[in-house]
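Novice: We have chain A already, so just place chain B on it with the hints.
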Amino acid sequence: MIQVHNISKSFDSLQALDDLSFRVNEGEIFGIIGPDGAGKTTLFRIMTTLLLADRGEISLNSLDVVKDFRSIRKIIGYMPGKFSLYQDLTIEENLNFFATVFNTSIEENYHLIKDIYVQIEPFKKRRAGALSGGMKQKLALCCALIHYPKILFLDEPTTGVDPVSRAEFWEMLLSLKESGLTIAVSTPYMDEAGKCDRIALIQKGRFLKIDTPDNITDQFHLSLMSVKSDSMYPLLKDLRKIEGIDSCFSFGDSHHITFQANRLQKDEIESILRTKGHHNIDIQPIKANMEDCFMDLAQSEESLKGEP
Amino acid sequence: MKQFIAFIKKEFHHIFRDTWTMVILLLLPILMLILFGYALSTEIKSVNIAIYDPSKDSLSEEIIRKLESSEYFNIIRMLDSPFQIEEEFQAGNTGMVLVFCENFYKNTLSKGDAQIQLLTDGSDPNTAVTITNYASGIIKSVMRKSFASNPDAIRVNIITKLIYNPEMKSAYNFVPGVMGMVIMLICAMMTSISIAREKETGTMEILLASPMKPLLIILSKAVPYFFLSCINLLTILLFSVFLLKVPIAGSLIALLTVSLVYIFVSLAIGLLISSITSSQLVALLLSGMALMMPAIYLSGMIFPIENMPRGLQIVAQIIPAKWYIVAARNIMIKGLGFSSILKEFAVLSGMALILITISFKKFKLRLE
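Sequence order for the protein chains is A and B. For what it's worth, the numbering used here labels the leading residue of the first sequence as 36, then goes sequentially. For what it's worth, the numbering used here labels the leading residue of the second sequence as 1424, then goes sequentially.
The hints are simulated quantities; they were obtained by calculation from the structure and are not laboratory data. Do not take every clue at face value.
[What the hints assert, rightly or not] Calculated lysine-lysine pairs in the DSSO-like style (CA-CA distance at most 27 Å, straight line):
1) Lys-230/A with Lys-276/A
2) Lys-102/A with Lys-1468/B
3) Lys-149/A with Lys-160/A
4) Lys-1432/B with Lys-117/A
The structure presented is a predicted model; accordingly, all values stated were derived computationally and were not measured.
Chain A on its own, in the form it takes in the complex:
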């Protein structure tokens, strides 16, 4: 169980973390989701005893991260964001090394990593530097699991990994969760939020919201539509000029627009766009995804700050 109370941390003039509190229950996957530079890595380093917070307390399974850091280092598994393993050691040597550092051996805890390790075992004589992103990530997870940790910290484990391997990775996390492991994971990918039991949306060192992914998307209170046309970039600019549309962001192959319910109708928007010369206009009401929620929460946070 992870308990975080009022954690703040600043580097020189930059406030990296601002009064964060949350709790991760045993056997839960807790996602910390936000863009680069939001403070995710700093938070993970403080939780894994690698940095000291300016204020606040954190306890892991009732152990204090500052006072009991030695005991904590025995019960956590940590996969840093930029973890690249020892490139010049083979898969087997890397795993053996980390097993020994944690006073255990591959044989002793093979059952823990078996499901993951069998996928890379055929290449065990290959050097880590020659592995693909997905295989590196699996090896890194094996290294973090080899000592049977009680709590697993994964800092952006899926960054730089192909979509197939990302999906596989989340499957692995779900099965690890089944075995009772508490997992804290960070990611900049909003679409991964749904895999977590609960998530915290973070931006500029502050939590925007902590809840289950479904609750967060259900609470989206604005009308949301996706808009497409033949020329997407002018469309974005034209949509932003339309009176009554609160926000318009580009989402892959369409633009998402939000506005207060009943202010605008689908037909009205379509006719405005047609007068601006757009063709093949396709407007669909949609259900909000995590990214829409994040954008909305981030915007209202900004406007709150704007009026002191």
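Specialist: Frame of chain A, contents of chain B only:
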């Protein structure tokens, strides 16, 4: 203990699997030794000389005979007139022209002051000075022998006095210097870079967040480089004894003891550098600029410390390589006993103790 051994094994994997690390560790010391021993040699052999001797008496001919028989000089031409001197230099293959005055022997007897001119090519002043030193040495020894009964009759005015290296073999001076440099390079630079590399790749985060004690982490980083430095020390000694023919005049045990202490100093400096930097490049620049340059230029390896300005002389005192090179020279070249390097030994031990304490204290249990 098992952790420690696994860690050291891992370090050796890093070293042996990287070609450039291997080259730096094993070839560089030998390369430096050969470079300084041969290529940068200040010793001179078989210089072509020409002679103009108008007096042609017994004394001048005795001097010419001695010059001829020395291995340093090759008499290529006897000149007939002083006008040929310049064309001799312009031809370019003459290093020195020796000119006797007229009635050389007679002048020596009557005035006690006969003249010999040594003309050398000043465009290479180092060589010129060396050649004239050799030649005047030979001339003076002939004079002394000829006038053994009446030494007051001639002026003996020897300025350079070379006791321990009468042949001015440069390798004699460079071997201790190269040892001081190579050990500093391998211990300090390689240790600091290898720790910085772990910080850069993020593996240090894992190690720190693991149950392994931080002290054990740095110890296991230092041990492989300690071991390699010992090997390098031995290779340098073997090479210098058998290839450069520089004997170890004093006690080998004393030499190895002081070298071990110096290795500890260098390791501690490497650990210290690694604790204040987190990138390999900074570690490289720091150890390069802050350690290598002084170890080369301020240690007395190339330039004598006595000739430096006062300020630099003081700076030189805090350079470990300076103390090590003095000690190594005393034992290796001069063949003096351990008692002659007590001061150097004490200074180096003190430095080792202080630096190791500081670097252990400074090593962080966390990332910052």
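Novice: For every hint, state whether the structure bears it out.
Specialist: Hint-by-hint comparison with the structure:
1. Lys-230/A with Lys-276/A: 36 Å, violated
2. Lys-102/A with Lys-1468/B: 72 Å, violated
3. Lys-149/A with Lys-160/A: 17 Å, holds
4. Lys-1432/B with Lys-117/A: This hinted pair holds, its Cα atoms lying about 24 Å apart.
When the structure is compared with the earlier hints, violations turn up for hints 1, 2 and for no others.
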